[in-house]
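Listed here are the chains, written in short residue letters.
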Amino acid sequence: MTAALSRFLRTDWFGPLAIIVAASIGISVFDPSFLSPFNIQILLLAASVNCVIAMSQMVIIAIGQMNLAIGAIGGLSAICFAGLMQVWGFPPVLAAAAGLAIGVAAGLINGYLIARTGISAFIITLASLSIFKGADLGITRAQPFYGIPASVKAFGNTTIIGAVPWLALPAALVVAGMWYLLYRQRIGRYILAVGGNANAAELSGVSIARTVISAHAISGFLAALAGIMLVARLQLGQPSIGDDWLILSFAAPVIGGAALSGGHVSVFGTLFGVVIVAIITQALVIFRIDPYFVEVVLGLLILWAVGVNRLREVKFQNLASTA
Amino acid sequence: MNAPTPIESSQAASDAKGARGAIAWTEIRAPARLVLTNEFGLILLIAIFGAIFALGTPGFGSQFNLFTLGRTTAIDIMIGFSMMVVIVTGGLNLSVGAIGVCAAMAMGWLLERVGLPVPLSIAGALALGGALGAVNGALIVRSGLHSFIITLATMSVFFGVMVFISRAQAFRNLPPEISAFGRMRIEGYVSPLLIVSIVVGLGLMALYRLTPLGRDMLAAGAKVAAAELSGVRVGRIFVICHILSGILAGIAAIMVVARTGAAIPSMAGDLGQDWLLPAFLGPVLGGTALAGGRVSVLGAFLGSVLVSELTNGLLQYRIGEFWVQTWLGLLLLLAVLMDLARRSLLARMGSLTR
Chain A
1 MTAALSRFLR
11 TDWFGPLAII
21 VAASIGISVF
31 DPSFLSPFNI
41 QILLLAASVN
51 CVIAMSQMVI
61 IAIGQMNLAI
71 GAIGGLSAIC
81 FAGLMQVWGF
91 PPVLAAAAGL
101 AIGVAAGLIN
111 GYLIARTGIS
121 AFIITLASLS
131 IFKGADLGIT
141 RAQPFYGIPA
151 SVKAFGNTTI
161 IGAVPWLALP
171 AALVVAGMWY
181 LLYRQRIGRY
191 ILAVGGNANA
201 AELSGVSIAR
211 TVISAHAISG
221 FLAALAGIML
231 VARLQLGQPS
241 IGDDWLILSF
251 AAPVIGGAAL
261 SGGHVSVFGT
271 LFGVVIVAII
281 TQALVIFRID
291 PYFVEVVLGL
301 LILWAVGVNR
311 LREVKFQNLA
321 STA
Chain B
324 MNAPTPIESS
334 QAASDAKGAR
344 GAIAWTEIRA
354 PARLVLTNEF
364 GLILLIAIFG
374 AIFALGTPGF
384 GSQFNLFTLG
394 RTTAIDIMIG
404 FSMMVVIVTG
414 GLNLSVGAIG
424 VCAAMAMGWL
434 LERVGLPVPL
444 SIAGALALGG
454 ALGAVNGALI
464 VRSGLHSFII
474 TLATMSVFFG
484 VMVFISRAQA
494 FRNLPPEISA
504 FGRMRIEGYV
514 SPLLIVSIVV
524 GLGLMALYRL
534 TPLGRDMLAA
544 GAKVAAAELS
554 GVRVGRIFVI
564 CHILSGILAG
574 IAAIMVVART
584 GAAIPSMAGD
594 LGQDWLLPAF
604 LGPVLGGTAL
614 AGGRVSVLGA
624 FLGSVLVSEL
634 TNGLLQYRIG
644 EFWVQTWLGL
654 LLLLAVLMDL
664 ARRSLLARMG
674 SLTR
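Residue numbers (my numbering), protein chains in the order written: chain A, 1 to 323; chain B, 324 to 677.
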């Protein structure tokens with residue numbers, strides 16, 4: 001019993017889950033409407049898109065890199081999705097497929113450049129962030145696309161049953177898919193191996209280049225998916241989609257216990273990290289605190305989380321060395 | 324930091340390349356050495372594009388355009404310097420934009436609400452910039468975490484607190500001297516802001532070339548362990564670098580205030596993100612090693628000049644407008660790829676002459 005409990009305590013997702021439960025109880029004591037179906041629906045809507053954004057960064061954190069370009073990729077895919085439907089009258093499914101293909105292509109370019117040149121991911125994705133964002137603004141001339149079909153709008157704003165919005169469906173599929181990919185598939189093991197120790201991975205026959213490129217392709221795909229989901233939710237193809245993803249995309253995986261040096265990420269930890277951010281945003285609204293304060297809280301959360309992760313790391317190392 | 328992050332390991336790899344390049348360096352004849360320097364290449368590019376733009380568009384060479392170009396360049400140079408002094412340590416500072424906006428807003432508040440004279444307000448703004456830099460430096464050194472995640476977090480915190488306190492309101496009733504300084508023209512086309520940037524650049528050159536502190540910064544950036552063994556207090560040096568970065572970001576922001584005549588919270592975009600590209604473009608084009616330990620103040624200066632010139636020229640041709648960011652991104656990509664090619668060429672030339 002105690003062994004099982006201590007195993008739970010040690011998982012990455014236990015701490016965040018405990019925070020979610022405590023915060024939900026605490027807030028609903030002050031304001032019972034917090035757990036009302038309407039409020040839960042808002043929470044789920046925010047968390048659905050943010051969860052896909054966070055997973056997109058998490059894959060790259062897993063290989064020990066960072067992807068500054070996810071917002072730009074998401075924005076570019078989003079306006080292509082919206083633009084194809086409005087200007088050329090593409091059916092939504094085809095337009096979405098094209099948007100996702102653009103995301104994958106953008107990720108492949110990032111991955112290829114990083115793997116082939118050995119230049120740091122930071123610089124490559126800073127450059128490609130600028131390239132994709134410029135293309136986004138160049139195509140749209142900074143004007144949104146308004147001609148979104150009713151079916152897409154409905155997908156972004158109706159619920160399946162009760163308080164569960166349709167947008168939660170792709171998010172749930174992404175979480176399940178990421179879990180399967182990272183922990184049950186060879187490519188996932190390769191990604192974690194390359195992130196943990198690239199030299200050791202290479203010596204045991206893993207192609208670093210192919211793994212890095214795959215991870216970036218997955219990241220691009222997820223960024224594009226998040227962009228497309230946002231078009232459905234906002235009901236327009238806004239060129240500024242993706243501009244504010246950067247901080248959140250790091251906050252959620254780090255709260256979920258991801259090691260920024262790579263090799264260690266938690267799918268469910270990241271999911272709970274997203275929910276924590278959503279709850280905090282919601283709480284700021286409920287308690288009538290300035291919504292701008294979200295940015296301060298997000299920044300402090302990142303600092304707190306990396307601090308805690310570091311302490312856990314040191315503690316586990318001590319445990320391992322004494323055992 | 325116990326496990327080397329991939330940033331560090333990729334830096335270590337480029338370090339090794341740099342070392343090979345350095346061996347080759349001494350073995351190349353003097354004229355070839357001059358032509359292959361980064362600075363020479365930048366001057367050549369600046370001259371070529373200057374000629375193309377001057378001949379191709381009537382507006383580019385006009386006194387007014389040269390004046391505004393010089394003013395924008397001065398700001399970009401300063402933003403580049405504020406990143407450069409941290410890149411020297413092998414780290415980076417994502418919060419330069421956020422610190423800059425905080426400093427500018429502090430100046431606006433001191434001038435408009437407190438009613439301090441201009442010099443004191445500027446001093447106050449730069450002190451805040453330095454203090455925020457010190458927070459960054461202390462957090463990085465104390466936690467042992469990479470500066471990327473720390474400054475990503477503080478960028479959000481600094482900007483959020485600034486918006487929270489200022490209620491996102493701009494200070495527009497500043498003393499007229501400030502915007503007069505921004506509009507002032509020397510000889511018809513030289514902005515005094517450009518002179519400020521040149522003076523600061525000369526100061527930084529003197530710092531790295533002549534002072535023990537500057538040499539310690541380079542040594543600590545090149546190899547932390549070796550610097551520590553030779554008695555450099557690395558943690559203290561890193562904090563000083565971040566303080567310097569904060570002050571330089573403050574100067575850049577004050578220049579923006581002089582140009583626009585107001586302190587506006589959105590002057591560097593959301594979270595100050597709009598400064599990131601100019602901040603990295605200048606130093607990276609200029610050959611400052613991202614791995615740390617190697618700096619070229621002149622290169623960073625010329626890099627920023629090239630970027631501003633290209634932006635201005637593209638706008639003059641009216642092909643840029645919305646695509647400017649794409650061109651700048653491609654330029655950054657091209658710059659790092661060419662740097663890679665140049666180094667491998669130098670390494671090959673070195674092995675040939677041997």
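Among the hints, a few may not be true.
Output of the computed footprint for chain A on chain B, the stretches with three or more beta carbons under 8 Å from beta carbons of chain A [unchecked claim]:
no.	segment
1	361–373
2	433–446
3	484–492
4	511–525
5	546–560
6	647–656
Just a sample of chain A residues kept apart from chain B, beta carbon distances all over 12 Å, derived [what the hints assert, rightly or not]:
no.	residue
7	27
8	29
9	30
10	46
11	88
12	93
13	94
14	133
15	142
16	236
17	246
18	287
19	291
20	301
21	303
22	310
Please keep in mind that the hints were generated in silico from the structure rather than gathered at the bench. The beta carbon of each residue, even a glycine, is placed where N, CA and C say it ideally should be.
Unsatisfied constraints (hint numbers, rising): 1, 2, 4, 5, 14, 15, 17, 19, 20, 21 and 22
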